[in-house]
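**Q** Protein sequence lines, in the order shown, are assigned to chains A and B. Per the working numbering, residue 983 is the first one in the first sequence, and the count goes up by one each step. Per the working numbering, residue 2 is the first one in the second sequence, and the count goes up by one each step.
Incorrect hints may have been included.
Just the calculated beta-carbon pair ranges, DEER-fashion [said to hold, decoys possible]:
(1) L202/B with E1119/A: 25 to 33 Å
(2) T1085/A with S163/B: 22 to 30 Å
(3) R262/B with A1149/A: 26 to 34 Å
(4) P22/B with A1099/A: 53 to 61 Å
Just a sample of chain A residues kept apart from chain B, beta carbon distances all over 12 Å, derived [what the hints assert, rightly or not]:
(5) N1000
(6) D1031
(7) L1040
(8) P1045
(9) A1118
(10) E1119
(11) V1135
(12) E1160
None of these hints come from the bench; they were simulated from the model. Note that the Cβ used here is the ideal one computed from N, Cα and C, for glycine as well.
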Amino acid sequence: MTVENLWKVYGDQTVLENVSFDVTPGSFVALVGPSGCGKSTFLRMMLGDEAPSKGRILVDGVPLESEPSPDRGVVFQKYSVFPHLTALQNVMLGLEFAGSPFTARLFGRARRTARAAALDMLQCVGLEQAVRKYPAELSGGMQQRLAIAQALVKKPKILLLDEPFGALDPGIRAEVHEILLRLWREEGMTVFMVTHDLSEAFKLGTRVIAFDRRRTRPEEIKVFGASVTFDLKVDGKTIPVPLPALAAAQ
Amino acid sequence: MRRLINRKPDAAARFVLMLLPFLIVLLVYMAASEARLAVNPNDKLLPGWTTISAAIERMAFLPDNRTGNYLMLNDTLSSLTRLGMGVVIATAIGGVFGILQGLIPYFRATFNSFTNVLSMIPPLSVLPILFIMFGLGEPAKVLLIVVGITPFIIRDLALRTSEIPHEEIIKAQTLGASTWQIILRVVVPQMLPRLIDAVRLSLGAAWLFLIAAEAIAADSGLGYRIFLMRRYLAMDVILPYVAWITLLAFTLDLALRLFQRAAFRWMYRGNGR
């Protein structure tokens, strides 16, 4: 994936300027930076929710579609799951969209296949006990696990995470980290995660990219946007060994 | 002494307090009625219980001398039919337009200002036009209800639809949904309970337009009857009719609320609700 000379300007406010980098497939890229530095804006452009003012984003040499599509999954901090559907229905929804253009509902064998795939996915994130519950009945951590399952059932090439764990307690957060890392390794997708938590970025990422403004004098703030200020490859040394493996080694 | 805002009545006290205003109104009426009847036994303004119950029996339980119909039943059926048709049509139009206006930018750009201007037309000022165009029959009365409450339902539902978090709509697209699929599986199921809320809120207005239309031109109906009886100062009929209309309106509202609770349980699960 290639980001080429990307700019984002709202009116006379420059948010991002001249952002360029390459990402190898299968990377886990953590995007960090102070609030208002445009990291979420960058993610929305990756998502196709917003168009770049200048520059482009290429995946496998092809510019990204200008609207959200199933090759890019997403998990937001909030509102990532549908409140009127149970956990199982939430995960099945993506399969039903693909399998039934007009009614968006599956019947018979197609439905059983989709149901089985959704149940597998729910088991992967440890929600097999909660398949019949509505999101409002789940804890914050369970809701985010459900959102991950819902996105991954579509097998996206790229998974975009917008501060997905920002509202979770530290203990729950570590739990969801493990699940996410395992799924990332299994599925081999490229992950972009926006976070304001540096330790989370270094714990999960194979690469940490920091966005910040280079010029911060009051008269410069409007004209100059944020750009990439650090780009650290942290491959290898920071992927934590799963806890059971560690225990077995000892 | 604890502050007033921290003192809460228990279940029994709440029940008694709930009945209290009703009892007071009833007692005031009875006292006033008795005082007037003591001065003039033929007073028609505040009839006593015997007069009222005789009127109820005459209207509800004995066939009319001229037509052989039970008048109150007849009136109720014609009124509820008009109200039902008006509300159903308004709900259907309001649901479709509200959701499309709330969700689809091109649709909103086309119809938003138009709906806003339409909703500012006082519906009763349109009634003469309806009578001229559709005659004095049923369609004009049903249409007055439609004209009166549809703009409100559209605007309310468009607002609710646009309040669906943007994240949900984006998420649906990343799951591969088309616009139609988003409407069908994401927006409509979440908006149906809101539509019921909008209908509940507009029922009061619907009754108002119904009774206004019936008062002007009808040959049956609850509104027709009370305005007819006004000519004879027949308070003994008008008062039970008003009470009956209130009861009908209350029951309809309650039925919609209970239906919403039963049909959309996801709204009431979790979150301490």
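**Q** Hey, is D1031/A genuinely clear of chain B, shortest beta carbon separation above 12 Å?
**A** 6 Å, violated
**Q** Is L1040/A truly not at the interface, in the sense that its beta carbon sits beyond 12 Å from all beta carbons of chain B?
**A** Holds, since 19 Å exceeds 12 Å.
**Q** Would the non-interface assignment of E1160/A survive a Cβ cutoff of 12 Å against chain B?
**A** 24 Å, holds
**Q** Starting from the range 22 to 30 Å, see whether the pair T1085/A and S163/B falls in it by beta-carbon distance.
**A** Holds, since T1085/A and S163/B (Cβ atoms, about 25 Å apart) stay within the stated range.
**Q** Holds or violated: is the Cβ of V1135/A farther than 12 Å from all Cβ atoms of chain B?
**A** 8 Å, violated
**Q** Against the range 53 to 61 Å, how does the distance between the Cβ atoms of P22/B and A1099/A compare: consistent or not?
**A** Since P22/B and A1099/A have Cβ atoms about 59 Å apart, the given range 53 to 61 Å holds.
**Q** Taking the minimum C-beta separation from E1119/A to chain B, is that value above 12 Å?
**A** Non-interface label on E1119/A violated, nearest chain B Cβ at 4 Å vs cutoff 12 Å.
**Q** Could you check that no beta carbon of chain B comes within 12 Å of the beta carbon of N1000/A?
**A** Check passes; 27 Å lies beyond 12 Å.
**Q** Report holds if the minimum CB distance from A1118/A to chain B is greater than 12 Å, and violated otherwise.
**A** Non-interface label on A1118/A violated, nearest chain B Cβ at 3 Å vs cutoff 12 Å.
**Q** Is the gap between the beta carbons of R262/B and A1149/A within 26 to 34 Å?
**A** Since the Cβ atoms of R262/B and A1149/A sit about 29 Å apart, the hinted range of 26 to 34 Å holds.
**Q** Taking the beta carbons of L202/B and E1119/A, is their distance inside 25 to 33 Å?
**A** Since L202/B and E1119/A have Cβ atoms about 28 Å apart, the given range 25 to 33 Å holds.
**Q** Does the claim that P1045/A lies off the interface hold, with its Cβ farther than 12 Å from every Cβ of chain B?
**A** Answer for P1045/A: holds, closest chain B Cβ roughly 18 Å.
Hint compliance for this structure: hints 6, 9, 10 and 11 are broken, all remaining hints hold.
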